[in-house]
Each structure stands twice: as C-alpha cells, then as structure tokens.
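Visitor: The chain contents come next:
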Amino acid sequence: MSIYVVPVGHLKEYTQGQERIAVPAEGKTVREILEALGIPSEVVAAVLIRDILVPKDHVPQDGDEVKLLSVLGGG
Amino acid sequence: MYGYGGKILRVNLTTGAITAFPTPENLARDFLGGRGFGIYYLYTEVPKGADPLGPANKLIASSGPLSGTPVPGAGKMDWTCKSPLTGGYASASVGGMLTAELKYAGYDSIILEGQAEKPVYLFMEDDRVELRDASHLWGLGAITTEVRLKQELGEEFQIATIGPGGENLVRYACIHHDFGRQAGRGGVGAVMGSKRLKAIAVRGTGGIQAADPKGFYQAARKMIKACKESEGLKAWQRYGTPMVVSWVQEVGALPTRNFSTGAFEEAPNLYGEAMRQKIVITDKGCFGCPSPCGKYSYTRRHGVYVEGPEYETIGMLGSDVGLGDIEDVAYANYLADELGVDTISVGGVIAFTMDCFERGIIGPQDVDGLDCRFGNREAVFTLIQKIARREGVGNLLAEGSKRAAQAWGKGAEDLAVQVKGMEVSAYECHRAPSMLLAYMTCDVGAHHNRAWAITYDIQTGRDTITPDKAARVIFLQHIRPLFDALGACRLQWVELGLDYNLYAPALQALTGVERSTEDLLRISERIWNLTRLYWIREVEGFGRAWDAPPPKFTKFPAESGPTKGQLTTWEEAQSLLDMYYAQRGWDANGFPTKAKLEELGLTEFAPY
Amino acid sequence: MYLHADSNKCSGCRACLVTCSLYNAGKPHWGKPSDRPDGSYGENNPKKAALSIIPLFPAPGVFKVRTCTQCGECAKVCPADCIVQTASGAYFIDQARCLGKDCLKCAEVCPEEVIFTHEDYAAPWKCNLCGQCVQACGMDVLSIY
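Protein chains in written order, with the working numbering: chain Y, 1 to 75; chain X, 1 to 608; chain W, 1 to 145.
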C-alpha cells in the first residue's frame with residue numbers, strides 16, 4: 001500500500017533528485033508526509049492529486065500520486 | 001522591418017490630425033517595443049511638468065515584436081503615460097488580442113496626444129484610421145461599450161474601452177479589453193478619459209513577416225512543446241493565479257484587513273478549487289497562450305459574468321477588505337471592471353478607509369453614513385460605485401489613499417499602504433525583505449509585476465537583510481519587464497519553467513537582428529534606468545525618500561498569523577536600499593551615476 | 001479522417017490560427033511548404049488560417065471552434081473540379097485551377113463556414129489536415145482521426 005510523492009522542478013533538490021518516491025499509505029496528512037521526507041512545507045506552493053488541488057491536511061489514499069509544485073504563481 | 005507592424009500612429013485629439021510614420025529601426029534596436037517605446041516617447045515628447053490629466057500628457061499604446069506570433073503568450077500590450085496617481089511614470093500591461101490586431105493593421109504603437117472637445121473613439125481598419133463620435137457610448141460601462149462596438153463594427157474588431165471611472169478621471173482608472181482584461185495601474189484609464197477618448201477599435205488583415213519564417217516557426221514550436229510538456233501545465237490551466245492563495249495564506253503573506261496581517265481566517269473559501277467549483281465557466285487565454293490563467297466566471301448570487309477574480313483581486317477585494325466569500329469578491333471584481341477602476345488600488349483604498357473607520361479616525365459622517373467596518377460587503381460594493389462616479393466620499397477616495405490620508409490626517413497617513421502614491425498590491429510584507437524592497441523600488445509605484453520576490457524570502461529566510469536579496473530584486477526587475485518590451489507574457493517562464501533563453505533565438509529568427517539573452521537584459525536595464533530618470537525629472541525633490549517603505553510594515557507589527565509580531569524596521573529598509581543602489585550603480589540618493597548612464601547609452605537623456 | 005475540435009476546452013487563444021497561417025499562408029498559393037517550389041513558409045496572420053474561433057461573450061462566456069469535417073460538399077459543387085481529396089483524406093482546393101473569388105460556390109455550400117478568402121489570394125482555401133494546429137494547441141482541443 002503506497003502513495004507516490006512526485007516533487008516537480010526545484011523541489012527535487014529536497015529529495016536528492018528522486019522524481020517519484022513511494023511512501024507507505026498510513027493515514028498521514030500531506031503535511032506529515034512532507035515533514036517525514038524533509039521537504040519544508042512553505043516551499044511547496046501547491047499539492048495536486050490527479051491535477052486537482054488538495055489542502056495540506058488532506059490524507060492521500062493508497063495508490064494516489066501526490067504532485068508537489070514549488071513556489072510559483074502570482075500576477 | 002521584420003517582426004514589427006511597421007508604423008507608429010500619431011493621433012492628435014485636439015486637432016483631429018492623424019499621421020503615421022515608419023517605426024524607427026534604431027528605436028526597435030535600442031528599446032525593442034512595448035514599454036521600451038512607451039518610455040522613449042514619454043520621455044522625449046511629453047514636456048517636463050505636464051499635467052497628467054491635461055492635453056500635454058500623452059498616452060502611448062505599444063505592441064511588441066513577439067506579439068501576434070506563435071511564441072507562447074504572445075498577447076501583451078503596454079500603455080504608458082505620465083501618471084495622474086503618482087505624478088511619475090505609469091506603465092500598465094494588458095493581455096488579450098488587441099496587441100496582435102494592432103500589428104496586423106500595420107502598427108506598433110499609437111501615440112495619443114491632446115484632448116478632444118467631445119467624446120470620440122478611434123476607429124482603425126488597416127490603413128483607414130478615423131476619429132468617430134462616441135457620444136452614444138459616453139457613460140456606458142467598459143464592458144458594455146465593448147459589446148456595443150462589436151455589434152456596430154463587427155466581431156473581428158478588437159476593442160479597448162474606458163468606463164465611468166476613466167471618464168470621471170478617477171486617478172486609478174483602468175483601460176479595459178476583451179471582456180475582462182485591464183491595463184490596470186497608475187491611472188492610464190484616467191488619462192484616456194481626460195482626452196475624451198472612450199474607446200479604440202482595431203481590425204487588421206495584414207500579417208507579420210518573419211526574417212526566417214521556417215526558423216521562427218521551429219523556434220516557436222520548440223517553446224510551445226516545452227510548455228505542453230511542463231509538469232505544472234495542467235494545474236496552471238485549471239486554476240491560474242488563484243492556485244497560490246492557499247500557499248500565500250500558509251506563509252502569511254495574504255494581505256488581510258488593510259495589511260494588518262498576512263493570514264485571513266476565511267481564506268479557504270477563496271482557494272483555487274473552491275473557486276473553480278463555485279463560479280468558473282471557461283479557461284480564457286490571451287493571444288497564443290498555452291496556459292490560460294483567465295478564469296471566466298459567473299456568480300449566481302449576483303447574476304453577473306466576470307473574468308476573475310485572479311490572485312490580486314482575491315487579495316485586494318477579498319482578504320484585504322475582509323470579504324471571505326468568492327461570489328462577493330467576484331461581484332466586486334465585476335463592478336470594478338465594468339466601471340473601469342483598478343481592482344488593486346480600489347481594494348487598497350477601501351481597505352484603508354475601513355482601517356481609518358475602525359480606528360475612529362473617521363466616522364459614518366465622513367463616509368456618507370456607510371458602515372465601513374472590514375467585511376461589510378455592501379460597503380465594498382457601494383464604495384466602488386461612489387468612487388467610479390466621484391459621488392460623495394467617492395470624490396475624495398478617487399484621489400487615492402495617499403491624498404485621502406492627507407485630507408483626513410489624525411494618523412491616517414500611517415494607514416495608507418502605498419509607495420509613491422500607488423497602493424501596494426497583494427503581498428503582505430511585514431517580514432519579507434526582498435518583496436518589500438521590490439515594492440519600494442518598483443518603477444511605477446508599489447506593484448509586484450516588476451519583481452515578484454516573495455518566494456525568495458520564503459526560500460532563503462525572512463529574517464535576513466542581505467545583499468543577495470537586492471541582487472535578486474534587480475535581476476527580476478530586468479527579466480520580468482523584458483517581456484513587457486517584447487509584447488509577450490512572462491508567466492510561461494515564471495509558472496511553467498519555460499527556459500527564458502529560448503526567447504532570444506526566436507526573436508532573432510523573427511526580426512533578423514542578432515541578439516543574445518544578455519543583450520536583451522541590457523536593453524531592459526536601459527529601459528529601467530530611463531524610467532528612473534523620468535521620475536527624477538518630473539517629481540520635485542525625487543530621491544531616496546520616495547523609495548520609502550509603507551509605515552504599515554515598519555510601525556505596526558503584524559497582528560496575527562505566521563508573521564505575528566513581526567515588522568521590518570526603517571533602518572533595515574534603508575539598509576536594503578543602500579545595497580540596492582550600490583548594486584545598481586546609483587548614488588546614495590538613488591540617482592543613476594554618470595558612469596552607469598554612459599554604460600547604458602543614456603547620457604543624452606540625463607536631466608542632471 | 002478530419003480535424004476534430006472539442007470546443008468545451010478552447011481558451012480562445014488563437015495559437016492554432018497563427019500557427020496554421022505561419023505554416024500554410026505562403027506565396028503564391030496557400031498550402032504546406034512542401035507544396036511550394038521553394039519550400040517557403042507563410043506569415044503570421046490569423047485571417048489566413050483554415051479554421052475559426054467564435055467567442056461568445058459576455059454570455060455564455062465560451063468559445064466555439066469551427067473546423068472542416070472533410071464532408072466533401074465543396075468538391076461536389078465545384079464547377080472547375082479543382083477540389084480534390086488527397087491521400088490524407090483532406091479535400092484540397094487547387095488554387096491554380098480555381099475560378100477565383102467570383103465563383104465561391106464552395107464557400108456558399110460549406111456547412112461549417114470554413115472556406116476562407118483574403119484579398120491577398122485570388123482563390124479561397126480550406127483545411128489540408130497538415131496537423132500543425134494540433135501541435136500548437138495547449139488545451140488538447142484539436143485532434144485528427
């Protein structure tokens with residue numbers, strides 16, 4: 001039972017270049033998963049599952065691919 | 001000249017004279033187009049000391065060499081003039097279709113001069129250019145005017161309009177285009193209104209010739225492909241700039257209740273997915289954009305369509321005035337768009353009014369009996385309308401928060417969150433040194449478009465006041481406005497990670513002129529320094545004091561949220577300025593040195 | 001086989017139009033670069049494209065894309081028999097043999113209004129299924145099948 005974390009762009013600096021990291025689906029929130037992986041939450045601008053935004057207190061389900069976008073955005 | 005529309009149109013609204021001349025090659029070489037053309041004509045043709053709302057001011061609308069081509073995001077137009085809001089340089093960018101259509105009609109810029117006696121609109125269909133009576137349009141909303149003109153002239157016409165805000169010379173009135181886009185800041189709409197020019201309608205059947213059509217085609221194709229392969233594309237297409245509301249809330253940079261703090265309790269109702277579910281109909285894009293940020297929406301509660309709200313309007317007409325319902329923000333957005341006032345400034349002015357009201361500096365008698373507490377949506381809706389029509393307190397508020405604060409006194413001046421007279425846009429800076437410096441030094445007043453530096457503070461630490469932050473702001477102030485000179489959007493680079501080094505070869509294949517990315521950045525630095533010279537020439541006593549931070553960030557600690565208790569001291573802000581001036585080659589008062597001007601080929605322009 | 005358009009996804013950006021024209025709108029005839037003796041490309045001009053976008057604003061606030069469905073009605077009515085189906089399945093107007101803009105029976109009969117004219121060309125043109133627009137579109141509106 002795994003969740004796949006996909007850091008995009010510069011965020012790969014926090015995962016030693018890994019593009020797709022399997023983490024166990026243990027009922028943890030996105031925020032907790034980020035902390036466990038050593039990715040500071042404030043540099044993650046958006047979290048997407050199937051390209052839909054989810055809040056950082058969302059609990060991903062088994063098999064979910066959790067895409068992380070780095071600080072972007074603005075006018 | 002390959003890549004360009006080919007001519008510059010000069011329209012004298014006083015005499016009715018309309019003339020055209022070939023776009024000068026050396027101008028294109030040294031200033032590119034867009035905002036580069038704008039500052040050149042503003043500086044050389046508008047006399048020192050001109051009244052921004054008088055006949056001597058000029059409004060220059062410019063396309064750029066990339067506009068109207070298959071380069072991604074090729075849809076931006078610049079409007080430049082002397083600002084009625086700040087008294088200095090105004091340059092506002094608007095996306096859409098007009099910038100392309102202007103080139104197809106054979107033009108790169110329109111220089112609007114003088115003042116008409118009665119309302120007119122400018123009709124352009126290839127070589128046929130006329131000033132036509134607009135008395136039947138005067139008084140109509142900006143969007144309604146566009147609808148009317150498309151009905152009268154044909155759907156193929158691309159139209160720019162002003163609303164009552166511009167007609168009534170609201171100092172932050174905007175110019176509207178394409179059902180929901182604006183050249184927003186600095187009062188460009190008021191200048192158009194002062195000339196009694198209600199609209200511009202353009203249709204062009206010509207084409208833009210590339211020096212190397214096949215090479216240009218391939219270069220543009222490469223850029224589109226890179227955009228389509230971007231990992232962030234789908235998310236950006238779905239949400240646009242509202243995607244970041246939740247992140248800005250998390251890091252405590254969302255302006256809340258007149259920049260009192262950076263996190264808003266009701267923010268989740270304003271997040272991207274909530275907005276999408278409730279109101280969004282269509283992802284609407286500018287010319288040639290693969291990543292449309294426009295979210296065309298319908299609010300059922302209020303029964304109106306609006307393109308938006310985008311991030312800035314969510315900040316300034318949402319959290320900053322205490323509104324936490326996306327449908328209410330959408331309605332406020334619609335009112336501002338139809339009436340033709342900048343959503344950022346009008347939000348800032350209303351927030352300022354609410355702050356003064358809640359602190360007892362003003363009372364109901366000062367605001368026509370309105371309950372101006374934060375979160376009162378009726379006050380927001382009513383004030384936007386009063387401002388656009390200069391009715392009651394709207395007449396004072398139409399002057400901007402700096403002037404309103406001077407009129408009210410009693411400490412109101414500390415509550416106007418502005419730099420150089422322009423309201424700060426939607427990034428709360430109690431403790432964000434790079435972003436604060438960006439607002440202090442932006443060349444139109446406090447706007448984030450030149451240097452969006454908040455991410456740098458989050459990534460490198462909010463606490464540090466170090467030279468790298470000044471360096472970052474300077475780099476951004478060169479690369480971001482470069483797009484405004486090219487006539488294209490920067491968001492493919494900013495949001496999708498498109499390599500900005502792809503633009504130089506594409507431009508070369510289009511124009512036939514050999515230039516590297518460094519060459520283009522140097523042109524951008526030249527433009528930046530010329531806009532600085534304009535301020536120095538026009539504003540009595542201009543200098544370091546005009547780059548001052550708003551007192552909200554130096555005197556009032558953040559009230560709550562992630563930045564609670566924080567602020568930036570005056571000394572820290574001055575230290576940032578010292579580093580910035582030094583790295584820019586400016587003296588301690590913020591004047592470009594003679595050596596810097598020589599380096600940039602600007603010696604002939606120096607007013608000192 | 002023809003160019004399908006899912007209008008629901010269209011953002012109105014016109015990348016398809018300007019890409020089509022840069023590829024096809026060359027001299028002396030409209031068409032692929034390989035159809036021209038010098039292999040030249042065209043110009044940036046959406047009014048010389050072979051599909052159209054109709055914005056419906058302010059309400060209902062959507063874009064309608066019109067593409068050629070290769071129905072063949074134009075070929076049936078052409079008095080010069082100059083509209084011929086190519087190997088890709090596209091009906092192609094041979095501009096050299098066309099009677100010119102005084103005729104335009106093809107445009108009259110076209111159910112999608114996707115036969116185009118411009119003062120720079122003596123003859124009309126239509127979609128040749130070159131597929132460049134499909135590559136240019138960032139919103140997955142267009143596909144050929």
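Hints may be right or wrong, so weigh each one.
Stated by the list, open to error - Ranges of calculated distance between the beta carbons of each label pair, as one might list FRET restraints: (1) X/T19 to W/D94: 57 to 63 Å; (2) W/S143 to Y/G17: 47 to 53 Å; (3) X/E518 to W/A80: 25 to 31 Å.
As the list claims (entries may be wrong) - Far from chain X, by Cβ distances over 12 Å, these chain Y residues were calculated: (4) S2; (5) V8; (6) H10; (7) E19; (8) A22; (9) P24; (10) E32; (11) I52; (12) G63.
Said to hold, decoys possible - Here are a few chain W residues that sit away from chain X, every Cβ distance over 12 Å (derived from the structure): (13) C10; (14) G12; (15) I54; (16) C82; (17) Q85; (18) R97; (19) L99; (20) D102; (21) A107; (22) E119; (23) Q135.
If you're looking for bench data, these hints aren't it; they were derived computationally from the structure. For every residue, glycine included, the Cβ atom is placed at its ideal position computed from N, Cα and C.
Visitor: Name the hints, by number, that the structure is in violation of.
Guide: Hint check: 1, 2, 3, 5, 6, 7, 11, 13, 14, 15, 22, 23 fail, others pass.
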